[in-house]
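Trainee: Line by line, the protein sequences are chains F and D.
If you count the first sequence from 1, position 227 lands on 227 in the numbering used here, and the numbers rise without skipping.
If you count the second sequence from 1, position 52 lands on 52 in the numbering used here, and the numbers rise without skipping.
Keep in mind that the hints were calculated from the coordinates and are not lab data.
Treat the hints with care, since some could be wrong.
Same chains, same label: a pair holds when it works inside one copy or across any pair of copies.
List time: in silico DSS-like cross-link candidates among lysine-lysine, alpha-carbon distance up to 27 angstroms [unchecked claim]:
| no. | residue 1 | residue 2 |
| --- | --- | --- |
| 1 | Lys2 | Lys21 |
| 2 | Lys358 | Lys313 |
| 3 | Lys346 | Lys313 |
| 4 | Lys21 | Lys254 |
| 5 | Lys2 | Lys44 |
| 6 | Lys2 | Lys324 |
| 7 | Lys44 | Lys105 |
| 8 | Lys305 | Lys353 |
| 9 | Lys290 | Lys105 |
| 10 | Lys230 | Lys47 |
All values derive from a computational prediction rather than experimental measurement.
2 protein chains.
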Amino acid sequence: MKRVHNFAAGPAALPLEVLLKAQAELPDFNGIGMSVMEISHRSKDFKEVAEGAESLLRDLMGIPDNYRVLFLQGGASLQFDMIPMNLMSRTKRAYYINSGNFAKKAAKEARLFGEVIEPASSEDCNYSHLPLISDDMFSEDADYLHFTYNNTIYGTEFRGIPVKTDLPVVSDMTSCILSEPVDVSGYGLIYAGAQKNIAPAGLTVVIVRDDLIGLNPSLPSMLDYAVHAKNDSMYNTPTTFAIYMAKLVFEWLKEQGGVEGIHRINLEKADMLYSYIDSSSLFHGIVDNKADRSIMSVTFTTGDKDLDERFSKEAEENGLTNLKGHRIAGGMRASIYNAVTLEDCKALVDFMKEFERKN
Amino acid sequence: MKRVHNFAAGPAALPLEVLLKAQAELPDFNGIGMSVMEISHRSKDFKEVAEGAESLLRDLMGIPDNYRVLFLQGGASLQFDMIPMNLMSRTKRAYYINSGNFAKKAAKEARLFGEVIEPASSEDCNYSHLPLISDDMFSEDADYLHFTYNNTIYGTEFRGIPVKTDLPVVSDMTSCILSEPVDVSGYGLIYAGAQKNIAPAGLTVVIVRDDLIGLNPSLPSMLDYAVHAKNDSMYNTPTTFAIYMAKLVFEWLKEQGGVEGIHRINLEKADMLYSYIDSSSLFHGIVDNKADRSIMSVTFTTGDKDLDERFSKEAEENGLTNLKGHRIAGGMRASIYNAVTLEDCKALVDFMKEFERKN
Numbered sequence: 001m002k003r004v005h006n007f008a009a010g011p012a013a014l015p016l017e018v019l020l021k022a023q024a025e026l027p028d029f030n031g032i033g034m035s036v037m038e039i040s041h042r043s044k045d046f047k048e049v050a051e052g053a054e055s056l057l058r059d060l061m062g063i064p065d066n067y068r069v070l071f072l073q074g075g076a077s078l079q080f081d082m083i084p085m086n087l088m089s090r091t092k093r094a095y096y097i098n099s100g101n102f103a104k105k106a107a108k109e110a111r112l113f114g115e116v117i118e119p120a121s122s123e124d125c126n127y128s129h130l131p132l133i134s135d136d137m138f139s140e141d142a143d144y145l146h147f148t149y150n151n152t153i154y155g156t157e158f159r160g161i162p163v164k165t166d167l168p169v170v171s172d173m174t175s176c177i178l179s180e181p182v183d184v185s186g187y188g189l190i191y192a193g194a195q196k197n198i199a200p201a202g203l204t205v206v207i208v209r210d211d212l213i214g215l216n217p218s219l220p221s222m223l224d225y226a227v228h229a230k231n232d233s234m235y236n237t238p239t240t241f242a243i244y245m246a247k248l249v250f251e252w253l254k255e256q257g258g259v260e261g262i263h264r265i266n267l268e269k270a271d272m273l274y275s276y277i278d279s280s281s282l283f284h285g286i287v288d289n290k291a292d293r294s295i296m297s298v299t300f301t302t303g304d305k306d307l308d309e310r311f312s313k314e315a316e317e318n319g320l321t322n323l324k325g326h327r328i329a330g331g332m333r334a335s336i337y338n339a340v341t342l343e344d345c346k347a348l349v350d351f352m353k354e355f356e357r358k359n
Numbered sequence: 001m002k003r004v005h006n007f008a009a010g011p012a013a014l015p016l017e018v019l020l021k022a023q024a025e026l027p028d029f030n031g032i033g034m035s036v037m038e039i040s041h042r043s044k045d046f047k048e049v050a051e052g053a054e055s056l057l058r059d060l061m062g063i064p065d066n067y068r069v070l071f072l073q074g075g076a077s078l079q080f081d082m083i084p085m086n087l088m089s090r091t092k093r094a095y096y097i098n099s100g101n102f103a104k105k106a107a108k109e110a111r112l113f114g115e116v117i118e119p120a121s122s123e124d125c126n127y128s129h130l131p132l133i134s135d136d137m138f139s140e141d142a143d144y145l146h147f148t149y150n151n152t153i154y155g156t157e158f159r160g161i162p163v164k165t166d167l168p169v170v171s172d173m174t175s176c177i178l179s180e181p182v183d184v185s186g187y188g189l190i191y192a193g194a195q196k197n198i199a200p201a202g203l204t205v206v207i208v209r210d211d212l213i214g215l216n217p218s219l220p221s222m223l224d225y226a227v228h229a230k231n232d233s234m235y236n237t238p239t240t241f242a243i244y245m246a247k248l249v250f251e252w253l254k255e256q257g258g259v260e261g262i263h264r265i266n267l268e269k270a271d272m273l274y275s276y277i278d279s280s281s282l283f284h285g286i287v288d289n290k291a292d293r294s295i296m297s298v299t300f301t302t303g304d305k306d307l308d309e310r311f312s313k314e315a316e317e318n319g320l321t322n323l324k325g326h327r328i329a330g331g332m333r334a335s336i337y338n339a340v341t342l343e344d345c346k347a348l349v350d351f352m353k354e355f356e357r358k359n
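Next up, chain F with everything else stripped away, as it sits in the complex (with noise of 0.2 angstroms):
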């Protein structure tokens, strides 16, 4: 079995013990004689598995009762839909902060279902930032406010909600979930498409406040939160294998110390690659203020389009893949998520450090 260096953005690298743990039980989960992907999503069996699941991920961030889990499919994209659906019910009016390509997908399409107001964007400059926010800017009422919390093309992070405000505030963690603490009670709801830190792609998960739920009738059944969590996520069948994928994931960041412990690791990956970076005369980083700089997406380049292109096809050559930038940005881009180890950024530095004695 061959494996490389993977920093691929979503998909993306899974943990090696939880792809050999699902690996040896495939054809026969649990010794039932069938794979968790034969059985239905309502035998016992299976129930065991959606119900750890939720109930590890619950543990994991400390998700308080008068939350709901819910496992759903579409990605963050039909969240994008479903979230202004569900929540503009009251004012018809919400906030969205445009600090990148997604968050600025997530407002165009809330525009649909009512009026978006964008406070603050660091569009301008091509998001190299992240946009200033001040609490004013929040001074007409509306449904919730609307923020991406980590910017995976370009590499910033916010730290924490950014605003002091009584807004149910909705957050896309879909790059960043279970990579460090987070206050859930701070939110109304958080979101995350699972590719990245989670599962394989396919699987949503969303952690909503009971208040929130059932705001608007007359939704259509399957884009209704209130209709998933009267179902327990099983108005319809779910993506069984991906919630498989995801308690497996779960144990597996238990064994790590939970989000804490991992978050050290994350902490200590992300401190490694940036350190280079800044001692560099080659390599520089992307974003322009280090204060906004992402644990999770590193994004850096050598300022000469040619010679990213050559660093990006060399490293794949050694091992080392899927480190070209999103087209949006140029560049490179080392998605260092859960399952990247201090490892794989070891090699990535060694690597970075070769080419550029090199060149």
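With chain F's structure known, arrange chain D on it following the hints.
Mentor: Below, chain D alone, put in the same frame as chain F:
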């Protein structure tokens, strides 16, 4: 490795050959040093998977060039919404034949978006046969006609489009797709959740004629066929692992002689079960019109609730699993999808004979 005879209604049995292939390459797909779950949906390696899956499906079903194949998420249940959202455009009216629980659910959702005409129903006899249908029931102009091809809970199945009509015909083929030849060119849209005859749960296949795409502007992006068609089903991250599994299943189907080959086996399996049921003095079929019997979902009962209960329980203990009927229909149900083998059906008949001898 233990394996049982699995008659689950969905998520359902997958071909053992497919499971073993997936198992072998789980941590290292194609020698690239990463799992197929760990690579970008836009990578060269995954594009080959997705394009391969589509090309195989086109070949297996004989899908004409003027149809698009979409790999979506959300199951048939999300299609219950997307179909009227996308197709109710001109008359804002559609026919829904009421032949079972899912047919009824589809109609209920469609009522959120326009007028639903129910030309025929067999609900009053608990769906124990297909509704009687004649062409004159469809005299009003409408945007489309919807029917559920195989009614998995009750065990009835249409034999093609049940009416001569110029309206676009939309069919839910979740529990029978790829089990028998279908003339796709007679349909406007065919859809199927993958978890019965295609792949693990989470993938939805939509086959839609070009002229039915893009009829309604300003739909939410994720609910708009035009957006998915334009982006080759990669507007957002698709459920990559399920698409990979679908490709393996399609390859396996080709080895079985394609849809024609598997259809011959399916007829043999169904015939074996129905022949025994009709000859038995203990068991009888639940469908009261033999011509309406499904070749995928074989429902039967002893007529005695306690004895039915005991049958399912003892079968389970003897390695014949998931034979308990749906709570709505009662009795027993053997779902004999493509991956259920002749040997599985033979084992079931043998067990039924033994159970009859003893009771």
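Trainee: Give a verdict on every hint.
Mentor: Against the structure, the hints:
1. In this assembly of identical chains, Lys2 and Lys21 lie within 27 angstroms of each other by CA distance both inside one copy and across copies; the values are 17 angstroms within and 17 angstroms between.
2. Taking the shortest alpha-carbon separations for Lys358 and Lys313, only the intra-copy value of 15 angstroms comes in at or below 27 angstroms, while the best inter-copy value is 70 angstroms.
3. For the homomeric pair Lys346 and Lys313, the shortest alpha-carbon distance inside one copy (19 angstroms) is at most 27 angstroms, but the shortest distance between copies (56 angstroms) is not.
4. For a Cα distance limit of 27 angstroms, the shortest separation of Lys21 from Lys254 inside one copy, 16 angstroms, qualifies, whereas the shortest one across copies, 30 angstroms, does not.
5. With identical chains, the CA atoms of Lys2 and Lys44 are at most 27 angstroms apart between copies only, with a shortest distance of 19 angstroms across copies and 36 angstroms within one.
6. For the identical chains of this complex, Lys2 and Lys324 are intra-copy neighbours only, at 21 angstroms inside a copy versus 44 angstroms across copies, given an alpha-carbon limit of 27 angstroms.
7. With identical chains, the CA atoms of Lys44 and Lys105 are at most 27 angstroms apart between copies only, with a shortest distance of 25 angstroms across copies and 39 angstroms within one.
8. When the C-alpha separation of Lys305 and Lys353 is checked against a cutoff of 27 angstroms, the pair qualifies only within one copy, where the shortest distance is 19 angstroms, while the shortest distance between copies is 74 angstroms.
9. Proximity of Lys290 to Lys105 under the C-alpha cut-off of 27 angstroms is restricted to the intra-copy arrangement: shortest distance 25 angstroms within a copy versus 53 angstroms between copies.
10. Only within a single protomer do Lys230 and Lys47 lie at most 27 angstroms apart by alpha-carbon distance; the minimum there is 16 angstroms, versus 38 angstroms between protomers.
In terms of the numbered hints stated before, the structure departs from none.
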